[in-house]
Amino acid sequence: MLVSLAPLRDRRERVVGYAVSSFPDDPRDAPLGPDGEARRTLEYVPQLSRMVGRSLVVPVTPAVVREGAITRFASLDAVWLVATESLDDPQTRRAVDRLVGAGFHFALQGYPEGDPLPSSLAGSMVVLDAARTSAAALDSQVRALLDVGLRPLARGVDDRVMRQRILASGVPMYIGRQLTRGASVAADRTTEDSVLR
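In the numbering used here, the protein residues as written are -6 to 190.
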């Protein structure tokens, strides 16, 4: 399995954590399914945590949450990312509430539609796909999340225009490529000055 880390940046472009993604080594191998891949990704979490020394956002499936597979990582600085719609399942919702009560942190993948979120998730991150959401929809979603005490995290921020758009909307953190600033180089005017003399 190949595991990659994408940096989470704050509004000042400081790296404050990493989002974990995993991919099968060989797509021809027998597929493990989402639950199997999530379990294999969990095997790398302790190593990654020691390596980066910052918070990790680790995707997990509802089945992995319900069976309590993440409880062995209680001492790690990790945020467990679950699909927002998975909270529609009462068993998953109870498991998340129980784990939050035990000190685990969760993030939600996708804007929460429909039923209100449990109060135990107040202050949690909600990951929004900035590249696939219109500017108007993203602005309204960010405002709504901030108003109820959630922390939006935009992913897919890979160009300057997108970065300016999400920062203007009030997003406190984003995932995307590092967008460096060009250095300002003083122009050499000696030739021009000699001609003028």
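In short, the hints are calculated from the structure, not lab data. Glycine residues also receive a C-beta, built at the ideal position from the N, C-alpha and C atoms. Keep in mind that a hint or two might mislead.
[Stated by the list, open to error] The calculated label-pair distances, taken between Cβ atoms and stated as ranges, are:
no., residue 1, residue 2, range
1, ARG5, GLN40, 25 to 31 Å
2, GLY103, ARG43, 16 to 22 Å
3, SER113, SER68, 19 to 25 Å
4, PRO111, ARG5, 18 to 24 Å
5, LEU25, SER112, 18 to 24 Å
6, HIS98, LEU160, 36 to 42 Å
7, LEU160, LEU69, 25 to 31 Å
8, LEU25, ARG5, 16 to 22 Å
Verification of the hints:
Distance hint check for ARG5 and GLN40: the Cβ-Cβ separation is about 29 Å, which falls inside the suggested range of 25 to 31 Å. Distance hint check: the CB atoms of GLY103 and ARG43 are about 30 Å apart, inconsistent with the given range 16 to 22 Å. For SER113 and SER68, the Cβ-Cβ distance of about 21 Å falls inside the hinted range of 19 to 25 Å, so the restraint holds. At about 31 Å, the beta-carbon gap between PRO111 and ARG5 misses the expected band of 18 to 24 Å.
The hint said 18 to 24 Å for the Cβ distance between LEU25 and SER112, and at roughly 35 Å that hint is violated. The beta-carbon spacing between HIS98 and LEU160, approximately 24 Å, falls outside the hinted interval of 36 to 42 Å. A C-beta distance of roughly 30 Å is found between LEU160 and LEU69, which places it inside the suggested range of 25 to 31 Å. Checked against the hint of 16 to 22 Å, the pair LEU25 and ARG5 fails, with Cβ atoms roughly 39 Å apart.
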